[in-house]
Amino acid sequence: MSKATVLAYVTTLANGQNDLVTCAEYYDRTVEAMARFPWLTTASLVAITAETSQYTLSSTQAKIIAVFYDDRLLDRMAVKDTEAVFGPAWRDLRGSPVGYVVEDEAAKTFRLVPQPTVTSKNFIFLFGSPFGLDYPLYTVAVIHTEIRVNLPSWLELPVAFQVAAKEYSRESNHRDFKFAEASDKMGAMLLAMVQ
Amino acid sequence: MAKVAHLLIDTVLQRVRDPQGLAHTRAQVLDLLSQCQRFINGALGLVLTTTTLTTLPRKLLYTLSGDLTTTLRVVAVRDGARDLAKMPTLASLNHVDLHWMRLEGARFEAWVPIGRDLLVIYPAKEVGSTVTVVHASLTSALTGEDDVTEIPDEYLDMVVTLCEAIVLLIQRDLASADAAMKRLGQSLQLDVSAYRLHLPVPDGQAGAVRT
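First to last, the protein sequences are chains A and B. Following my numbering, the numbering of the first sequence begins with 16 at its first residue and continues without gaps. Following my numbering, the numbering of the second sequence begins with 3 at its first residue and continues without gaps.
Chain A extracted, bound-state conformation (with noise of 0.2 Å):
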């Protein structure tokens, strides 16, 4: 529902002038570059295997914001701090993980350091809790911001301005950068008053 609302306040703000079809790929791509930042952010679960370091997110799960091995915060480090701290055979080290490194934001993976050596207890979640009874042993837990197709309704006006900005910034019969930069500057303000 909130790319139609968000596409009707952009005809609005458009006056008509607007391409649907160019305001609904604008709008895409919007929602997809607000998971750079904290707005919408959930907890996901990863069942680790025995000599496995590396893990992939799916494709709607964007930045990584904190990961836990079992009941501990890891770290985030660079890759330069893991050699400098672990060596420069890091990667094959054993033990339990402290701490993790993005290595490839683009293939979505993670690498727990040091690699972990348990299997994670079953995911069966019979209280319905996984975050909660059910949290399985030796389990990584991902908080993260997520790419939403459907944004809350608070946020939908500041994406219209945004969308906006960016059809009027294009190559047009109707592209007017000082209105782009105008409302570039509404939806940022609009932003910045719900953070």
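Treat the hints with caution; some may be incorrect.
Calculated cross-link-like contacts (lysine-lysine; reagent style PhoX-like; alpha-carbon spacing at most 25 Å) [what the hints assert, rightly or not]: (1) B:Lys61 x A:Lys78; (2) A:Lys200 x B:Lys61; (3) B:Lys88 x A:Lys78; (4) A:Lys181 x B:Lys184; (5) B:Lys61 x A:Lys136.
These are calculated hints, taken from the structure and not from any lab test.
Knowing the structure of chain A, use the given hints to seat chain B on it.
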């Protein structure tokens, strides 16, 4: 005393020199006013709602979008009448206990917001319980001209000014829209104080009033 929406629509249309609503329909302005009221409330936390959140045994992490659908921003979490301490980041809980993710305690002590959707309530309890979540709420949509506003009257000018700026943008009066945005920015600055935002007041500033 709350204002009826049609008075605000009249004011916005007069300010943008379209009192008859020829360029901008009254329904359009009503919808924008409804959104603007939410943003002003989001910025200042004027209309607060108290919701009871049921906590589960050994669970620290709660999804707000599921439990509290009208939340704009959490301003406090209370266990009974006791305010829990707000911790700025997850890492700050590490200073309390490195194994806090599975820690259980007799009573809740602190909370940490993560983005807009997640809330950590620390420590978990062994049994189910409840906490009170105080949040700046998403004000009700103004669906008719007879609907009344929710935020206090002394802040309605901000709502009208924000709406005015948006309507001026729509009619491509960019200079006037910019002036309205600046006016709103200055007006908001006076109210964005620690007290208003329910933040801790730095030592030495307690009792100070911003004018």
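Results for each hint:
1. This hinted pair checks out: B:Lys61 and A:Lys78 have alpha carbons roughly 24 Å apart, not beyond 25 Å.
2. For the hint linking A:Lys200 to B:Lys61, the alpha-carbon distance of about 41 Å lies beyond 25 Å, and the restraint is violated.
3. Under the criterion of a C-alpha separation no larger than 25 Å, the hint pairing B:Lys88 with A:Lys78 is consistent with the structure, at around 24 Å.
4. A C-alpha spacing of about 23 Å is found between A:Lys181 and B:Lys184, which places the hinted pair at or below 25 Å, so the restraint holds.
5. Our distance criterion of 25 Å between C-alpha atoms is met by B:Lys61 and A:Lys136, whose separation comes to about 18 Å.
Of the numbered hints given earlier, the model fails hint 2 alone.
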